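Student: Spelled out from the first residue to the last, the chains are:
Protein chains: 2
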Amino acid sequence: MSKKFIVETSARHVHVTQEHLEILFGKGAALTHKKDLSQPGQFACEERVTIVGPKKEMPNVSILGPVRPETQVELSATDARSIGIAAPIRESGDLNGSGACKIIGPAGEIEISQGVIVAKRHIHLTPETAAEMGVKDKDIVWVKLDTNGRKAVLGDVVVRVSPKYAPAMHIDTDESNAVSAFNGLEGEIVKL
Amino acid sequence: MSKKFIVETSARHVHVTQEHLEILFGKGAALTHKKDLSQPGQFACEERVTIVGPKKEMPNVSILGPVRPETQVELSATDARSIGIAAPIRESGDLNGSGACKIIGPAGEIEISQGVIVAKRHIHLTPETAAEMGVKDKDIVWVKLDTNGRKAVLGDVVVRVSPKYAPAMHIDTDESNAVSAFNGLEGEIVKL
Chain A
20 MSKKFIVETS ARHVHVTQEH LEILFGKGAA LTHKKDLSQP GQFACEERVT
70 IVGPKKEMPN VSILGPVRPE TQVELSATDA RSIGIAAPIR ESGDLNGSGA
120 CKIIGPAGEI EISQGVIVAK RHIHLTPETA AEMGVKDKDI VWVKLDTNGR
170 KAVLGDVVVR VSPKYAPAMH IDTDESNAVS AFNGLEGEIV KL
Chain B
20 MSKKFIVETS ARHVHVTQEH LEILFGKGAA LTHKKDLSQP GQFACEERVT
70 IVGPKKEMPN VSILGPVRPE TQVELSATDA RSIGIAAPIR ESGDLNGSGA
120 CKIIGPAGEI EISQGVIVAK RHIHLTPETA AEMGVKDKDI VWVKLDTNGR
170 KAVLGDVVVR VSPKYAPAMH IDTDESNAVS AFNGLEGEIV KL
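First to last, the protein sequences are chains A and B.
Each residue of the first sequence is one higher than the one before, starting from 20 at the first, in this note's numbering.
Each residue of the second sequence is one higher than the one before, starting from 20 at the first, in this note's numbering.
Heads up, a few of these hints could be off.
A pair holds if it fits inside one copy or across any two, identical chains being indistinguishable in the list.
[Stated by the list, open to error] Below, simulated DSS-like cross-link-like pairs (lysine-lysine); rule was C-alpha separation at most 30 Å, straight line:
#, residue 1, residue 2
1, K170, K74
2, K183, K210
3, K170, K139
4, K75, K53
5, K121, K75
6, K163, K210
These are computed hints drawn from the structure, not numbers from a lab.
Remember, it's a predicted structure, so these values are computed and weren't measured experimentally.
I would like the entire structure built from these sequences, with the hints used as guidance.
Tutor: Right under this line is the structure:
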């Protein structure tokens, strides 16, 4: 089996709790499935919100479903800087002391005191693919991206292993632009 | 001597011809020196312009001096995409078939049919420092950036050698964010 995996670019997006969803979109609101994502059970939604920082607001940001136990806003560092939010580089769910913002929906708005992060680059692997690649959950690895004009080997990539995952590396739009990522790009774990 | 060099982030900026400067800022206009840049003779100016693409405009973009033989707009890929311009990754001055835009100044505006690029990452070296590092003009090298949380080895880095240069690597804001560059960051040419 190949030791390569697809590399996907995560655009800015929001995960919401059911409670926040209902404040933003009205009592009894449910997320509307628009498109499946590579990770089983995860999907892009029709619902969109505006993220407001101290300097500027960013309209039309997608929500990804399903609802989660905590509301989380994932921006690129470019995004965060442009709207004036100090967002740390974090793994999903590691929100203590992360950035604050206001989120506006068509039915209401919320203020979150933390939850805004720049996602740490990571690879989703199944136990089987992780074993084949000789890595385990929480390993930090280097990944070679062989693009045309902006090749790179990215370090500080977190390996996340679960039987619920599909093999895929996720980078944000800054990283995607910095390596000139394209549809179908594959990454490979390398030793430096 | 060290084989390392400083790594600087180039924010979006514009270089203008004297003719375009006078259209944008008025007959007889001259660039106003604001701050020296690392490359000898190059400086940031007080003058600012708005870059207009098919989708959106980007106000408040710096001009870098002195004036040049061709007008050139350097954006990050994030910038270019956000205002709707298809800008190729190019070395400075390699403008044939590059992106088009409108540029608006306080006294007038111009349309350029080419000149918008995403700068190819590069290292300025003097003949002496290039010799010490074992590289020559136009070499394509890998550069290791040892940052905290987003380490990377960037490939497709062009070496440019001139006695007029000061040793420094230039990356754009996407690349800077992708590696979490900081003030004082040093790069080192490595073999992969």
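Student: Evaluate each hint against the coordinates.
Tutor: Taking the hints in turn, this is what the structure says about them:
no., hint, verdict
1, K170 to K74, "between (34 Å within a copy, 29 Å between copies)"
2, K183 to K210, "within (27 Å within a copy, 38 Å between copies)"
3, K170 to K139, "both (19 Å within a copy, 12 Å between copies)"
4, K75 to K53, "both (28 Å within a copy, 26 Å between copies)"
5, K121 to K75, "both (11 Å within a copy, 24 Å between copies)"
6, K163 to K210, "both (9 Å within a copy, 14 Å between copies)"
Checked against the numbered hints given earlier, this structure breaks none of them.
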